[in-house]
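Participant: What follows is each chain in one-letter form.
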Amino acid sequence: MTMPISKKIIFYVLLAVSGIIVFAPTLMAFMMSFMSNKDIMTGSLPTSLSFDNYVKAFGQFPLLKYLFNSFFISIIIMIGQLLLSSLAAYAFVFLEFKGRDLLFYLFIATMMVPFEASIIPNFHIIRDLGWIDTYQGLSVPFFAMAFGTFLLRQNFRQIPKELREASQIAGMGDFKFYLTVVLPVAKTSLITLGVYGFLTSWNMYLWPLLSTTNDSVRTVQIGLKQLQTQEQLNDWGVIMAGAIIVVIPTLILLFLGQKKLQKGLTEGALK
Amino acid sequence: MSQVELVGISKSYDKQKSVLNEIDLSIEEGEFFVLVGPSGSGKSTLLRMIAGLEEITGGTLKINSNVVNHLPPKDRNLSMVFQNYALYPHLSVEQNILFGLNAKKVDKKEQRKRLVETAQMMGLDELLKRKPKELSGGQRQRVALARSVVSEAPLCLMDEPLSNLDAKLRAHMRVEIRRLQKRLGLTMVYVTHDQVEAMTMGDRIMVLNDGKIQQVGKPITLYNEPANLFVASFIGSPKMNLGKAVYKPDLRQLMIEEKLAIDVDSTYLDILSIHKNLTIGIRAEHIFPCVDEKQTHQLEVVNVEHLGNETSIAFDIGLELWTAKWPGQWDINVGDSVPVHITMENFCFFDTKTGELIRSANVGRKQEVAAI
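Chains as they are written, first to last, in my numbering: chain A, 1 to 271; chain B, 1 to 372.
None of the hints are false.
Which residues of chain A face chain B? A partial, calculated answer using Cβ under 7 angstroms: (1) 162; (2) 166; (3) 168; (4) 171; (5) 181; (6) 185.
These are computed hints drawn from the structure, not numbers from a lab.
No residue lacks a Cβ here, since even glycine has one placed at the ideal position from N, Cα and C.
Pulled out of the complex, with its shape left as it was, chain A reads as follows (with noise of 0.2 angstroms):
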């Protein structure tokens, strides 16, 4: 694209001014984590920089067994939605039966319906099946998607009917059909949902403290609280420091997702 210079300029600086504006509490937590209690105080520049604070936040805290627990249940969590918006979006799809419109508009008009307004129910369903406290009680209501559902049913739609009737006619079922084909061709959206997935539920917060009690399956979310309120103090070296062990995976995972989203998106466009 071609621009005037001087409109160039004015772009970058106002594009680095807003994105130093943006980034500046991230970058703030980043520099505290290295710096002492005492500096932080006193508002002063760090006179000193040390991983003293993430010593300290594994040493005074659970934190692996936190990390471990948040890690595990989103993945949990990220297989089931996957697998379970799948083949609900496979059979909105493929499968012909009476009313499938209806049902689907139905499904979506679950999404106006916010979690918050469900979490009472969802809790008496939990502390009825005695799932407090444990890793299918943080996982399993959340296991249902109709985002999912959505996503997926739109990118099957994409896949011609005639791959359908070309197995038909090869004697394919249709399961075999959904995992040989159908999950192969829309890869790249159950990737992004997947990792969709897997961050929403990694930066859960409401559903995990509601529904742990003790330190065995609780989050790394509620961790991070718990370093806030241990002591009179804050010691906010450690907490920034739990904070930024805690966005890695993210920061991760955004790095790896947008290149295969990209290539995804690409891929798609040009046949």
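We have chain A already, so just place chain B on it with the hints.
Facilitator: The following block gives chain B in isolation, referenced to the frame of chain A:
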């Protein structure tokens, strides 16, 4: 023995509008059978019903004398080639070809053998490792054909397989498909909207319009003796020249579109006296230039197309546009008045009301005899 038999096959959606009406048809073994008709005539629906992809509303469908109305596609022992080829985008050519065999759990050794044979036959040896998106249109088409050949099903259905190819490639693939069918002795049911394809490929053709059979027969029969006005205007390129004709007994002349007066031969008097509303049709190649023949009419040229080996000339006959096709190259310009030779023996007579054929042209018969 007939391989596919349709008895009173009907199709309707929502129990109201019928797409296909009482189709009776039998397709012989080893035959290249073409279903042709304009868009929306129900030809694809019929094919999909034979394949088992579409439910049959009424009638009986028999394959190899067994009623298969409720059999799923896989149990009908057939293969199908789709318009958009329906190749699996994530699989290589090889995997695409073997896809059906895997699903049918054919022995691996046998798979290999068939793959090698088919690939060689279709000239796909070099392409086996490629993905469909790395292939050209013609190559994709060949993979789709190979997939159907490799299944070794005796009945092959094709749904407009050539419509995505450019003209040159299409002509080439026409020959290739035809040869393949003859070599393997396949029974082929081929759907197309292109009448040239139908004429060049079919052993027999069925013309469909509005869900009704118009005519079934050999290509030449359809061309020379079209059963009705629809077939007359659908088969042949350019289409048959049609015009309303009125008999003037006092002049012993037939007036066509109130413009062309043709002297009436006495052998035609019986037709002309029985039928009052007539439409006549004449093929483009039967409007002759006046070289050996004597001039019967002088017509004004409204368009000329020079094709090199022949020249196609258009005239206004009343409201109709007639086309003449003359072999060779003619130096004629728009606006010229050219002498032509038109006689009644080349006319097909149709009943204007019903559209049915009353009498076909004599010339066609003469040529048929000459060909033998």
